[in-house]
Each structure stands twice: as structure tokens, then as C-alpha cells.
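Participant: Here are the chains, one letter per residue:
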Amino acid sequence: MHLDAKIPGGPLAEKWDRHKFELKLINPANKRKFEIIVVGTGLAGGSAAASLAELGYNVKSYCIQDTPRRAHSIAAQGGINASKNYQNDADSDRRLFYDTIKGGDFRAREANVYRLAQVSGNIIDQCVAQGVPFAREYGGLLANRSFGGAQVSRTFYARGQTGQQLLLGAYSALSRQIAAGKVQMFTRREMVDLVLVGGQARGIVVRNLITGDIETHTGDAVVLCTGGYANVFFLSTNAMACNVTASYRAYMKGAMFANPCFTQIHPTCIPVHGTYQSKLTLMSESLRNDGRVWVPKTAGDKRSPDQIPETERDYFLERKYPSFGNLVPRDVASRNAKEQCDQGKGVGETGLAVYLDFRDAINRDGKDVIAQKYGNLFQMYEKITADNPYEKPMMIYPAVHYAMGGLWVDYNLMSTIPGLFVLGEANFSDHGANRLGASALMQGLADGYFVIPYTIGGYFAGAKLPKVSADQTEFTIAAKEADIRTKRLLSINGKRTVDDIHRELGNILWNYCGMARNDAGLTKARTLIQSLRSEFWENVRVPGSDKDINQSLERAGRVADFLEFSELMVVDALTRRESCGGHFNEAFQTEENEARRDDENFCHVAAWEYAGEGKDPVFHKEPLVFENVKLTQRSYK
Amino acid sequence: MTKTINLTLKVWRQPSTESKGGFETYQASDISTDMSFLEMLDVVNEKLTMDGKEPIAFDHDCREGICGQCGSVVNGRAHGPEKGTTLCQLHMRHFSDGDTIAIEPFRARAFKVLKDLMVDRSALDKVIQAGGYVSVNTGGTPDANAIPISKEIADKAMDAAACIGCGACVAACPNASAMLFVSAKVSQLALLPQGRPEAARRVTAMVRTMDKMGFGNCSNERECEAECPKEISITNIARMNREFFKAGFFSATK
Chain A
1 MHLDAKIPGG
11 PLAEKWDRHK
21 FELKLINPAN
31 KRKFEIIVVG
41 TGLAGGSAAA
51 SLAELGYNVK
61 SYCIQDTPRR
71 AHSIAAQGGI
81 NASKNYQNDA
91 DSDRRLFYDT
101 IKGGDFRARE
111 ANVYRLAQVS
121 GNIIDQCVAQ
131 GVPFAREYGG
141 LLANRSFGGA
151 QVSRTFYARG
161 QTGQQLLLGA
171 YSALSRQIAA
181 GKVQMFTRRE
191 MVDLVLVGGQ
201 ARGIVVRNLI
211 TGDIETHTGD
221 AVVLCTGGYA
231 NVFFLSTNAM
241 ACNVTASYRA
251 YMKGAMFANP
261 CFTQIHPTCI
271 PVHGTYQSKL
281 TLMSESLRND
291 GRVWVPKTAG
301 DKRSPDQIPE
311 TERDYFLERK
321 YPSFGNLVPR
331 DVASRNAKEQ
341 CDQGKGVGET
351 GLAVYLDFRD
361 AINRDGKDVI
371 AQKYGNLFQM
381 YEKITADNPY
391 EKPMMIYPAV
401 HYAMGGLWVD
411 YNLMSTIPGL
421 FVLGEANFSD
431 HGANRLGASA
441 LMQGLADGYF
451 VIPYTIGGYF
461 AGAKLPKVSA
471 DQTEFTIAAK
481 EADIRTKRLL
491 SINGKRTVDD
501 IHRELGNILW
511 NYCGMARNDA
521 GLTKARTLIQ
531 SLRSEFWENV
541 RVPGSDKDIN
551 QSLERAGRVA
561 DFLEFSELMV
571 VDALTRRESC
581 GGHFNEAFQT
591 EENEARRDDE
601 NFCHVAAWEY
611 AGEGKDPVFH
621 KEPLVFENVK
631 LTQRSYK
Chain B
638 MTKTINLTLK
648 VWRQPSTESK
658 GGFETYQASD
668 ISTDMSFLEM
678 LDVVNEKLTM
688 DGKEPIAFDH
698 DCREGICGQC
708 GSVVNGRAHG
718 PEKGTTLCQL
728 HMRHFSDGDT
738 IAIEPFRARA
748 FKVLKDLMVD
758 RSALDKVIQA
768 GGYVSVNTGG
778 TPDANAIPIS
788 KEIADKAMDA
798 AACIGCGACV
808 AACPNASAML
818 FVSAKVSQLA
828 LLPQGRPEAA
838 RRVTAMVRTM
848 DKMGFGNCSN
858 ERECEAECPK
868 EISITNIARM
878 NREFFKAGFF
888 SATK
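Here the protein sequences come in this chain order: A and B. By this note's numbering, the letter at position 323 of the first sequence is numbered 323, and the numbering carries on one by one without gaps. One gets this note's numbering by counting positions in the second sequence from 1 and adding 637 to each.
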């Protein structure tokens, strides 16, 4: 199968304009004849559903939570990038594009990333118009701060709650369309399958999480905005309900999965402290604007941090990367923290932590200024750890945070299944092998507000869409299969809980497919996953019944799909014979222990096709062509 | 330093909206004081599952205090005893060995119990749908810096906008009033120039819907402010009342 990314011709900066002009339009009176299913209500889903409804389409929106205001976009703390150049520091679309491509270690598509940079400014305009209370200077204009991988200040923020404020903006726009009758909202629904009719995506199967009923819903197109799969690691910074099921079910129906081994490990999280732990908490990257990362120079130094004099501290990021210092990209910062801990220099009870110290910033700017910028983050840290970061340096350690990989999409954000669009973290398109801070919010909203409203029209204008109904066999069979799966999970009645097995899966991946990978470990992980999967289907215990609220059953369905998906991740990691961004294979590194790419053989997107149960997935590649940037060894020195 | 405690839990169990509920007693043993309250419930649920019993149903998602999905009444207080804290961010170090803890759902006429500690808060969405937005479509908006907004106003708007929509204010109020929730959104948008054009229409519609959904009135008990995990101030209620009267007296909106 040939993967056609449908990248428009012409110079980079003109591609999007040209494409918008060339896309066929649907006249306003005809838009109301189309029905669009949007799954997920995070930044991508909320903004897409609202914007499509505003255009006149009939939208059906689905979320797993009790209201469309809670998806995990809400937890993004630090900010959102835009190339506004309000700070007069020589920012531009081109610079944001370049930083993002380079930050992604040259494994993203040029045209998509350039478009992202081009619409980034519109997002800020849109959000301000909605009443998003971004931080402002005394003069009344918007404030900016810096994030990793950039030497300009282009990050807009609303205290440490930027994701919340942007999501509530999208939720307000969505609420307005619900009130207008243009969006039908279905809360507490979990998508468990995708339905194809005549090869086109024409509907979904969902489980109603209150009644337990398996429902089928029809539409003319399906837009998946179902987020990332970081919870495959059990412990991650994702919300508890984040899962891969919708994406994986689409993959099983023919959508290709791209670069599943590209996962992001975020450097600044609160360290793990016990086996009962259910999730990890991120401390925003923005803290690295003012916090300095260090460990004691001597391995095994157990003195409390205030007892360690300046000369005996190693500010290892500042030492190794003098030009970016503490603001190197996430993959670099994470690997360096791990390296220090591997050398026995880690701090805290477990030795798996490094310090993030605000002493110098507090001495320089005063406690009040620091509290203004980071007060809520400091408070959150203190709640969880019972330590006061104004007095004692924070202890941080890397944790799984984001999935750069996702369903393969073309320039129109359409997957390999006609009529199935994938937005936000659920697709693979913009971040390459590593995402820069404050870029996830930008991408989610770019896709939802400014890309899908145009590209979906192009699809409708060119597609034949015969009428479908939920009584058709395609729908009844999919519903029946979902019901059988549910009943099977309930019937096993073994001796291990869902969480217990999920935790074991997470350990396998963290140890062998985490921050540093090698062939022996990955091969071992594959065997371990296979046997854990067999054990799951023989020995899991899911209490309760299917026609009821049953949270164990919900988790069991998600873990069953994680157990399948995790193998795909490992296979992808084994196949990519290079290191790049978040994928670090120890066999491919420079003398300075940086990731060593192989541009000759691996400058491509790895797209995997489902081949059937028990069969190895089929590899396809989309070569990445760089016409506007020169591929270099990433250097932040 | 990590230590463990043993607790007695009295948990509200109710199979469904229609059925009658009651308290059940469970022992929670060897609970690490570093656990969050929800992680403690996870441990109890793992044990119930292995004992062949139904685990306790409770809503939760982000577990970092921002999504607003979690929340129960713990020893008579919404989200438990710590000020400015959601249930997921409440840690067991605030309890002592041997404590008995009563855990119940948020109770209000507008929130029906779905199962155990889970309640239906969709009435809050209905209030937002009545007007908790600025009527702008995507695209065609002016440059973000076109209208300067003083830092003081932007900060006040942000204080109000910090509401996570958990419903603790309703659960804490003797009248099950949602005034703090509604006023937070009304205030955020009334303070900002972008929200002014439809301020009168918004406050009127939101207050009417709030009444219609079965939320009670405010009688200045201030329980909402005391229990709000985001410490939203009741000055927002005063601002909403001003906006409401202004809309009634001075605008064409009725």
C-alpha cells in the first residue's frame, strides 16, 4: 500500500493557503446535510466539534467523562506556543517551525509543522476572544515566557493552568453549540469500535458507562480526538481514563499506526514513592525557566541539600549544554537525569531523583515574584510531598508523559481509512520523535479550530456517501462483537485484578522500552508481554455485571487493548535501527551519549498495518523529505 | 517519612439511583501516609475484588486536582478536611492511626446519586449552556493584543476562572445552591471586555437556568467558599448579584 501524505505543492510557506484554495467547498445550505461524529472532548475534540457545528454541520460529540469539560488537556500547566513575536525577539513562523522540527529530531513532516506554526497566532486571538484569561503585563498586553528547546519567549500562559483555561474556552464554544442544537452531546460513553461501511468510516460502537448498554451511532465521517496512549506504562502523568482503545480499534479496522515507539518521558515529575501509586504528577517545564537542576558531585552523598556547598554541586545541564542550560528539550533533560542517577548521584530516599532548585531565583527576584509565577505549582508539590519548595529544592524524576506516535494521517488529517480523521495527540503528525513543551496545546487547537473545518469539507465534496442506518449488519455485528468481548472479560473470574496486571505491563515497558532501550531488552519485553497477555485472558478477575456502572470492566477493556498495543510499540522500537528523540537505543549513540540518527536509512515514518490476530504487523514507510531544513546532529550546547 | 496507619471506613453504598443506600463498614489496613485518599480507596477496592465483593464506585480522572471529576463528602466535609484541596490531592498523612472515616456522595436535589459515591452533575453543564460563553465563532477574531486588559482585571478574571466545576460548593451549601459556581463564570466573563456585550443576557439566562435545575438560593452561609478546592471567593456572588440587578433594571434583557 502506498502512503500518500497529499502534501500540496509549491513553496513551504504557501502550501496551506494554496491547499485551502484548492479544497472543494460545501455550500452552507448543504453542510447541514452532513453528520459528523467527534470522539473525545479535549482541546482537539472540543474545538473541532464547536467549529464544525458553527459552520453548519450536525455534530455528535462523545466523551468518557461526566461532562465535556474534564478531558486531560485540562491538566496542561505551562503554556501554549505561538509565533506572535510580541517580545520582539526575532520570532517568526519559520523559527517556530524550525524549533519544532529540530526539537522532534527531524522525524516530522515539514508541511504539517509549518502549517502548525502559521495558525499558532490565530489560536491565541481566538482564545482571547473567548475570554481566556491569559497572563498580562501591567501595560495590559499579553505576557510570555520561555520553554524548552527555544531561545525566544513565545509561550502564552494562564498561571500554571493554561490547559484548563484553553479547554474551558473550547468547552464554552461547545456548550454554545449544544444549546443551539447543532451538537448532540453524549457523555459517559466509551468508544469500543469503529464501523466501516463500504470501506468508509461511517459510525462507532460505544458502551454507555451508566447503563452498560452497547450503542451504535452513525455518521458521514468520524473524527477521533481520543488522546495518547502513555497509560500503557501504567504510571504516567496522564489521567486515569486515558487509553488506546479507540485508536487501537481503528488500527484493527485498517487505520495504520505510525511511530508507536515515540513516547515522551518528561523530565520534571514528582518521583515515584510507593507500589500503590496510581499515577505520577508533572511539575511544569516552565519551572526550568528559574529552577536549576543539580545533583551532588560525589556519588552516594546523602547530606541534605542545604549542607552541600556550591563547589560540591553539579549543575549538569548548565555544564553540558551552556547555551540552552536548564531549558534543553525534554528527551535530553530526561536522559541526563537518568544518567546521573545511574551513576549513583541520585538524591532522595530511592536515589531516583535530582534537585530542581529555586534558591538562586528567590534570592534574585524575591519570593513574591517566584510565587506569582509558580505559586500553584509549588503548592501542588507541597501537597503531594509535604516539602516546601521555597525552602528546600524540589526533587524530580522523569515520567512518561506524552505519545508522539499515533494513527497515521495525511496532510488533511485523514487516516488510511476514508472518512476517519484523527486530531491532536491521537495522530502522529507534528512532533516527530520528541515534542517540545507548550506544543501539545498548540497542535490540539490548531487541528480542531483551523485544520479540520476546512479539510473535512474537501472529503465530503469528493466522496460518495450512501445512506446508512444502525440496523445494517455492519453495525449489528460490531455491536454483537463488543458485547461478546465484554461478557468474556466478566466470565474469566481468575485470581489477579486488572490493575495488578496493568502494573506488571507498565513495569515491563518502563524497564525495557522506556528512556533507554536495547535489542536484548526489547526482545525480552516482547515475550513477557505475550505471556502476560495470555495470563490476562485466563486469570483476570473482573467483578460485577455488564448492565451496570462497572469501573473494573471499563479498565479491563482498556488493559486488554494495551496488552495488544504494547507489543506493537516494542516491534516498532526494534525495527528502528537508530536513536532519535524519545527513542534511544543504546547501540546507537554518539561518543557524548547523545542520540545518533541514521538519516540515510531511517528518515521515515514507520506506519504499521494490522494483519490479523496473532500475526506480525506489516511495515510500511512514508519517507520524510526535507526541502527547507538541513538535517543536523541536534545540538543544544 | 513513610509510615502506615489502619482505618475504619464507613462508606455509602447504593447500587443505583432508584435503590436505597446505606453505610457499609470496611477496614483499610496498612495504609501508607504518602497515599492520596483515592489511592487508599484503590487499595480497599483491590481487596474487595479479591474477596468477591463489588468495589466502591467513585468518580475520578486526572488525580492532580484540576479535572474536577472526583469529590465525595469525607467526615461531613466536601473533599475532606484540608483547605483548598480536592479529594485526589488529599493525602493520608492528614489522618491518624485508628481513625474512623465516613465517606458519602455529594448530596443535592440537583445531583442524583448514580451509584455509591458517583453523582450526576449534568445540571451544571445546563447552566453553562444557558450562557457561560462569549458568542464568537472560530476565525475572524481581532489580534490578541488589540484590546489591552489591565493586569488587575485579568488576574481577577483568572481567580474566578479557576473553578473546576466539581460541585463541592453545592454539596457544602445547606440550600444546595450553585451560586458560587455560576458566579465564577459570570464574573470571569463580566470582568473581561470580551464578555461585556452580552453580560446582561448571560447573567439573566444563567441565573434562571440555575433556579430551574433545582439549585437553592444563597443565604450567605459561606460554606461554599470554605470548601471550594480552588478557593473561589464569594465576592463573585456579590458581583453576580450586581450584574443580575443591573440587567433587570437597566437593560432590554428580561
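FYI, nobody ran anything at the bench for these hints, they're computed from the structure. Cβ atoms here follow ideal geometry from the backbone N, Cα and C, with glycine treated the same way. Worth double-checking, as some hints may not be accurate.
[What the hints assert, rightly or not] Here are the computed lysine-lysine pairs in the DSS-like style, where the Cα-Cα straight-line distance is at most 30 angstroms: (1) B:647 / A:495; (2) A:467 / A:495; (3) A:182 / B:640; (4) A:84 / A:637; (5) A:630 / A:320; (6) B:720 / A:383; (7) A:302 / B:640; (8) A:31 / B:749; (9) A:547 / B:690; (10) A:487 / B:763; (11) A:33 / B:763; (12) B:640 / A:392; (13) A:487 / B:684; (14) A:547 / B:720; (15) B:690 / A:487; (16) B:640 / A:547; (17) A:60 / B:690; (18) A:480 / B:640.
[To be verified] Facing chain B, from chain A, some residues (calculated, C-beta under 10 angstroms): (19) 124; (20) 163; (21) 449; (22) 455.
Participant: Should the interface hint for residue 449 (chain A) be scored as holding, given a Cβ-Cβ cut-off of 10 angstroms against chain B?
Facilitator: Interface hint status for residue 449 (chain A): holds (5 angstroms vs cutoff 10 angstroms).
Participant: Would you check the hint for residue 302 (chain A) and residue 640 (chain B), treating anything up to 30 angstroms between C-alpha atoms as holding?
Facilitator: 21 angstroms, holds
Participant: With the threshold set at 30 angstroms, check whether the alpha-carbon distance from residue 487 (chain A) to residue 763 (chain B) stays at or below it.
Facilitator: Violated, at roughly 35 angstroms.
Participant: Please work out if residue 60 (chain A) and residue 690 (chain B) have their alpha carbons no farther apart than 30 angstroms.
Facilitator: 37 angstroms, violated
Participant: Check whether the Cα positions of residue 33 (chain A) and residue 763 (chain B) lie no farther apart than 30 angstroms.
Facilitator: Measuring from Cα to Cα gives roughly 27 angstroms; hence the hint holds.
Participant: Is the Cα-Cα distance between residue 31 (chain A) and residue 749 (chain B) 30 angstroms or less?
Facilitator: Violated, at roughly 38 angstroms.
Participant: Taking the least C-beta to C-beta distance, is residue 163 (chain A) closer than 10 angstroms to chain B?
Facilitator: Hint holds; residue 163 (chain A) Cβ to chain B Cβ min 8 angstroms, cut 10 angstroms.
Participant: Compare the distance between the alpha carbons of residue 480 (chain A) and residue 640 (chain B) with 30 angstroms, and conclude whether the hinted pair is satisfied.
Facilitator: Violated. Residue 480 (chain A) to residue 640 (chain B) sits at ~49 angstroms, over the 30 angstroms cutoff.
Participant: Hinted pair, alpha-carbon criterion (30 angstroms max): residue 84 (chain A), residue 637 (chain A). Please report holds or violated.
Facilitator: At roughly 26 angstroms apart (the allowed maximum being 30 angstroms), residue 637 (chain A) and residue 84 (chain A) satisfy the hint.
Participant: Tell me if the straight-line CA distance from residue 640 (chain B) to residue 547 (chain A) falls inside 30 angstroms.
Facilitator: Outside the cut-off at roughly 40 angstroms; violated.
Participant: Straight-line Cα separation of residue 630 (chain A) and residue 320 (chain A) no greater than 30 angstroms?
Facilitator: Status holds; Cα separation ~24 angstroms.
Participant: Should the hint that residue 124 (chain A) touches chain B count as held when the rule is a Cβ pair under 10 angstroms?
Facilitator: 4 angstroms, holds
In summary, the structure is inconsistent with hints 2, 3, 8, 10, 14, 16, 17, 18 and 22 from the numbered list given earlier, while agreeing with the others.
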